[in-house]
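Enquirer: Below, each chain spelled out in residue letters.
2 protein chains.
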Amino acid sequence: MSSDLREVVHGAARRARTASIDLATATRGTKDAALVAAAEALVAATDRIVAANDEDVTAARDAGTPENVVDRLRLDTARVAAFATGVSDIAVLPDPIGEVVRGSVLPNGLRLTQVRVPMGVIGMIYEGRPNVTADAAAICLKAGSAVLLRGSASAARSNEVIVEVMREAVASAGLPADVIQLLPSEDRASATELMKARGLVDLVIPRGGAGLIRTVVEESTVPVIETGTGNCHVYVDEDADLDMALDIVVNAKTQRTSVCNAAESLLVHRAVADEFVPRVTAALREHDVLIHGDPTFIAADASVLPASDDDYATEYLDLEISARVVDSVDDAITHVRRFSSGHTEAIVTGTSATARRFTLGVDSAAVMVNASTRFTDGGEFGFGAEIGISTQKLHARGPMGLTEMTTTTYVVEGDGHVR
Amino acid sequence: MSSDLREVVHGAARRARTASIDLATATRGTKDAALVAAAEALVAATDRIVAANDEDVTAARDAGTPENVVDRLRLDTARVAAFATGVSDIAVLPDPIGEVVRGSVLPNGLRLTQVRVPMGVIGMIYEGRPNVTADAAAICLKAGSAVLLRGSASAARSNEVIVEVMREAVASAGLPADVIQLLPSEDRASATELMKARGLVDLVIPRGGAGLIRTVVEESTVPVIETGTGNCHVYVDEDADLDMALDIVVNAKTQRTSVCNAAESLLVHRAVADEFVPRVTAALREHDVLIHGDPTFIAADASVLPASDDDYATEYLDLEISARVVDSVDDAITHVRRFSSGHTEAIVTGTSATARRFTLGVDSAAVMVNASTRFTDGGEFGFGAEIGISTQKLHARGPMGLTEMTTTTYVVEGDGHVR
Numbered sequence: 345m346s347s348d349l350r351e352v353v354h355g356a357a358r359r360a361r362t363a364s365i366d367l368a369t370a371t372r373g374t375k376d377a378a379l380v381a382a383a384e385a386l387v388a389a390t391d392r393i394v395a396a397n398d399e400d401v402t403a404a405r406d407a408g409t410p411e412n413v414v415d416r417l418r419l420d421t422a423r424v425a426a427f428a429t430g431v432s433d434i435a436v437l438p439d440p441i442g443e444v445v446r447g448s449v450l451p452n453g454l455r456l457t458q459v460r461v462p463m464g465v466i467g468m469i470y471e472g473r474p475n476v477t478a479d480a481a482a483i484c485l486k487a488g489s490a491v492l493l494r495g496s497a498s499a500a501r502s503n504e505v506i507v508e509v510m511r512e513a514v515a516s517a518g519l520p521a522d523v524i525q526l527l528p529s530e531d532r533a534s535a536t537e538l539m540k541a542r543g544l545v546d547l548v549i550p551r552g553g554a555g556l557i558r559t560v561v562e563e564s565t566v567p568v569i570e571t572g573t574g575n576c577h578v579y580v581d582e583d584a585d586l587d588m589a590l591d592i593v594v595n596a597k598t599q600r601t602s603v604c605n606a607a608e609s610l611l612v613h614r615a616v617a618d619e620f621v622p623r624v625t626a627a628l629r630e631h632d633v634l635i636h637g638d639p640t641f642i643a644a645d646a647s648v649l650p651a652s653d654d655d656y657a658t659e660y661l662d663l664e665i666s667a668r669v670v671d672s673v674d675d676a677i678t679h680v681r682r683f684s685s686g687h688t689e690a691i692v693t694g695t696s697a698t699a700r701r702f703t704l705g706v707d708s709a710a711v712m713v714n715a716s717t718r719f720t721d722g723g724e725f726g727f728g729a730e731i732g733i734s735t736q737k738l739h740a741r742g743p744m745g746l747t748e749m750t751t752t753t754y755v756v757e758g759d760g761h762v763r
Numbered sequence: 345m346s347s348d349l350r351e352v353v354h355g356a357a358r359r360a361r362t363a364s365i366d367l368a369t370a371t372r373g374t375k376d377a378a379l380v381a382a383a384e385a386l387v388a389a390t391d392r393i394v395a396a397n398d399e400d401v402t403a404a405r406d407a408g409t410p411e412n413v414v415d416r417l418r419l420d421t422a423r424v425a426a427f428a429t430g431v432s433d434i435a436v437l438p439d440p441i442g443e444v445v446r447g448s449v450l451p452n453g454l455r456l457t458q459v460r461v462p463m464g465v466i467g468m469i470y471e472g473r474p475n476v477t478a479d480a481a482a483i484c485l486k487a488g489s490a491v492l493l494r495g496s497a498s499a500a501r502s503n504e505v506i507v508e509v510m511r512e513a514v515a516s517a518g519l520p521a522d523v524i525q526l527l528p529s530e531d532r533a534s535a536t537e538l539m540k541a542r543g544l545v546d547l548v549i550p551r552g553g554a555g556l557i558r559t560v561v562e563e564s565t566v567p568v569i570e571t572g573t574g575n576c577h578v579y580v581d582e583d584a585d586l587d588m589a590l591d592i593v594v595n596a597k598t599q600r601t602s603v604c605n606a607a608e609s610l611l612v613h614r615a616v617a618d619e620f621v622p623r624v625t626a627a628l629r630e631h632d633v634l635i636h637g638d639p640t641f642i643a644a645d646a647s648v649l650p651a652s653d654d655d656y657a658t659e660y661l662d663l664e665i666s667a668r669v670v671d672s673v674d675d676a677i678t679h680v681r682r683f684s685s686g687h688t689e690a691i692v693t694g695t696s697a698t699a700r701r702f703t704l705g706v707d708s709a710a711v712m713v714n715a716s717t718r719f720t721d722g723g724e725f726g727f728g729a730e731i732g733i734s735t736q737k738l739h740a741r742g743p744m745g746l747t748e749m750t751t752t753t754y755v756v757e758g759d760g761h762v763r
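So the sequences go chain by chain: H and R.
Residue 345 is where the first sequence starts when you use the numbering used here, and the numbers rise one by one after that.
Residue 345 is where the second sequence starts when you use the numbering used here, and the numbers rise one by one after that.
Where hints are given, some of them may not hold.
Which copy? The list can't say, so a pair holds if one copy fits it or any two copies do.
[As the list claims (entries may be wrong)] Keeping only pairs whose Cα atoms sit at most 16 angstroms apart, straight-line, the calculated EDC-like set for lysine to aspartate or glutamate is: (1) K540 with E562; (2) K540 with E563; (3) K540 with E351; (4) K540 with D348; (5) K540 with D585; (6) K540 with E530; (7) K540 with E724; (8) K540 with E411.
Just so you know, these hints were derived from the structure itself, not from any lab.
Bound-form chain H, shown alone (with noise of 0.2 angstroms):
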């Protein structure tokens, strides 16, 4: 069976090398097509989308699955428009392919070009969300790279179907089916065996829980971007402005719960803790987020339970929160090192010079000053597409959108140089 799955694996990675040597050289103009086409088609397809996916939900019911995961899976008219319309925006974009990075003359008079190229072959493995399978097929699609998606066993039905009308779609407009594949989801192995196709894949990006990720980062021998996790802190320093404190604690905190960018620990400075503690306590009890302290936060408010080093290191994506009185900023710095999974922390802070170490004591993706965790995203940061936020350090760290999928090629002209 697993051999039989790693055959089934590999000629699905084979044909989607073959399919992304065309779209590697298909202009702009056709690959926009094939996305307005696609975009069209899913909207068209809408209820078979939703039929299909009406099957996936009653079987995760039946299995007894949570209720917030069945919403996750679930679909409906409003969420396939949405993400059809996710796939005509990626057309708007530029496209990142050609683009010069940078170029010059060499002494010897070699004309050396770094220019922007597809990826290759990528794999998507990604939990329950139907919506992903759209949005990483387009964006992939856009950047050039054919892909092959790995989703949950749940939405197998579902994405059975996005795929199909999506691949006849790019067929329609000119570019292999093959630039989109998806993958057997029912063994885990299927998985296993995409992560091991060193040489037939070029990336893989997991998307999902802590679970997940782990596990792909661990085993896999393709090159990996990890993603997502993000127990994310907000500091309020000694000379924050302590009502725009408690509005960017507030938010990041409740605004939405579930997200990576959502805050999951809050360090205050010790000289306005007499001040600021019992107001956020009281602020974030009237939207019902329980709260993890020490001592100072105990004492300002009895619901607080005690906070262990393993709340500090928690990501609830919940309405919950850790929270410590911290001497300085060096002291928060040293917090968010040894806590942090470096997604995104937060300053308040009036002074520019805090803010600046702060920025480059603690080392993660995205830092704000003054403004909530939850803006680092890509579209609140402009990319117009996001594919996930790369909490690793290698090629991508951040929001990641189209340019971030792609590699670069150094083409070097010359007139019979020899060395």
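Given the coordinates of chain H, assemble chain R onto it according to the supplied hints.
Expert: Same frame as chain H, now just chain R:
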């Protein structure tokens, strides 16, 4: 033993992390002063370095090490002076840290800046050349990262002295000595522990033979940049200037054979085979190159051996080459895509459309048009320093200089912005 070694490696990585925080915020002036001090100290310590190296060389010869490997290990006054100059040359290069990669004001008034920052802790795993020790330490220091050096056991005595001298110089310039550390090399497990130290080490770069690189790529959980293997092709098109083609083939194959950018395979368009194959065969024979060729090459010269697919896949690193006649540029592209390691390919042609087709069609880090493959090199490209040549597509592709040893962070400044 293995768990002791784990503690040794993890302890070194933690010290490197702490030291890297000071290094990350050091000014260019401090870093350059440390590099100049290190270069001077290496020259001053020449006798000690050469004496330690003599012991390494004697032990290697006693162990029956082949002379070409011993030569790579061997240091003399001139070689020490050469790598010391390399270290001081890096002081002259611009500092990549702090470069603003992009910046804009978002529609909501947030000020977004993507800034180049250090990688943090870089692990180098390499073989017997002790000059790599000084090179890698200097490049990482300038790029603001601490380095963990895991060299060959055969060079342990040389590496110990080089690292000791550089650490003292770095400390004298006011930086923590622990930004440069040598890991024990007598046990293979220290390399394994380094590759598995995800979270403590940000990047591992293997430099050496294909076997070493494959092991690191397969076993590492720390992100890796694959370097070095070069099965480079020269394609002589029907529209080539055949005198130019002859010069380029001979140069690419024979000017230096043990390097990754030497040519290993020759493809000749059928339309010029009658004229070119006998000429190139004779010229390569004059340089004592053994040819593994197809029937056309065998017909041209009785000394040509028949080429197998294994030959086409081989990086000889010696006076040997595989050779084949192809029917078209597309045939050449198909051959290259099948057998190349993705390092460097060259085309010799007078037709720009053909050059463009080849450039887009092959999938390699560098493509030379009418120039020798030997030009793929950080020094030739004007990077000033090179830590290796990446043959993967993630993060860096082609020669890697200081910029490729860094990552970026997004700094976002607001005035109390919330979503």
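Enquirer: Next step is simple, just say for each hint if it's right about the structure.
Expert: For each hint, the structure was consulted:
1. K540 with E562: both (11 angstroms within a copy, 9 angstroms between copies)
2. K540 with E563: So K540 and E563 pass the 16 angstroms test inside a copy (8 angstroms) and across (12 angstroms) alike.
3. K540 with E351: within (12 angstroms within a copy, 29 angstroms between copies)
4. K540 with D348: Within one copy only: 15 angstroms inside, 31 angstroms across.
5. K540 with D585: So K540 and D585 fail the 16 angstroms test inside a copy (51 angstroms) and across (44 angstroms) alike.
6. K540 with E530: Answer is neither: 18 angstroms inside a copy and 30 angstroms across each miss the 16 angstroms cutoff.
7. K540 with E724: Answer is neither; intra-copy 34 angstroms and inter-copy 35 angstroms both fail.
8. K540 with E411: neither (34 angstroms within a copy, 38 angstroms between copies)
Going through the hint list in order, the structure does not satisfy hints 5, 6, 7, 8.
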